[in-house]
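**Q** Make a model of the complete structure from these sequences and hints.
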Amino acid sequence: MTPADADKAMETGKEAMEEGKEGMMEEGKKTMEKGKEAMEEGKKAVEGMK
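Note that the numbering used here numbers the sequence shown so that position 13 is 812, with each residue one more than the last.
One thing to keep in mind: the hints can contain errors.
[Claimed, not checked] Simulated crosslink set (DSS-like; lysine-lysine; CA at most 27 angstroms straight-line):
id, residue 1, residue 2
1, K833, K820
2, K820, K807
3, K843, K829
4, K835, K849
5, K849, K833
6, K828, K842
7, K833, K843
8, K820, K835
9, K828, K807
10, K813, K829
11, K829, K849
12, K813, K828
[Claimed, not checked] Ranges between beta-carbon positions, derived for each pair:
id, residue 1, residue 2, range
13, E846, K807, 54 to 60 angstroms
14, E846, D806, 54 to 60 angstroms
15, A805, K842, 38 to 44 angstroms
Simulated from the structure, these hints should not be mistaken for laboratory data. Just so you know, even glycine gets a beta-carbon here, dropped at the ideal spot from N, CA and C.
**A** Written out as structure tokens, the structure reads:
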């Protein structure tokens, strides 16, 4: 692997990370929504136990 190849790989990696961040934000939002729903369900369950 030449230094030029290494530079190319680093650039590609940076770009992939940027794209990944954008994708992760979308996925993260979905995950957060699911988490909120799960918390609501948990609260309801606790209320039901009282």
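**Q** Could you run down the list of hints and mark each one as holding or not?
**A** Structure-based check of each hint:
1. Simply put, K833 and K820 have alpha-carbon atoms about 19 angstroms apart, close enough for the 27 angstroms limit, and the pair holds.
2. Proposed proximity of K820 and K807 is supported: the alpha carbons are some 20 angstroms apart, at most 27 angstroms.
3. Restraint check: the Cα-Cα separation between K843 and K829 comes to about 21 angstroms, which is no more than 27 angstroms; the hinted pair holds.
4. Distance check on the hinted pair: K835 and K849 sit about 21 angstroms apart at the alpha-carbon level, within 27 angstroms; holds.
5. Taken as a hint, the K849 and K833 pair is honoured in the structure, with Cα atoms around 25 angstroms apart against an allowance of 27 angstroms.
6. A hinted pair counts as satisfied when its Cα atoms are at most 27 angstroms apart, and K828 with K842 qualifies at roughly 21 angstroms.
7. Restraint check: the Cα-Cα separation between K833 and K843 comes to about 15 angstroms, which is no more than 27 angstroms; the hinted pair holds.
8. Of the supplied pair hints, the one linking K820 and K835 holds, its CA atoms being roughly 22 angstroms apart against a limit of 27 angstroms.
9. As the CA atoms of K828 and K807 are separated by approximately 32 angstroms, the hinted pair breaks the 27 angstroms bound.
10. Only pairs whose Cα atoms come within 27 angstroms are accepted, and K813 paired with K829 is accepted, the gap being roughly 24 angstroms.
11. For the proposed pair K829 and K849, the alpha carbon gap of about 31 angstroms is over 27 angstroms, so the pair is violated.
12. For the suggested pair K813 and K828, the alpha carbons sit about 23 angstroms apart, so the restraint of at most 27 angstroms is met.
13. The hinted range of 54 to 60 angstroms is satisfied by E846 and K807, whose Cβ atoms lie roughly 57 angstroms apart.
14. In this structure the hint that E846 and D806 lie 54 to 60 angstroms apart at CB holds, the actual value being about 58 angstroms.
15. Under the hint 38 to 44 angstroms, the C-beta atoms of A805 and K842, about 52 angstroms apart, miss the expected range.
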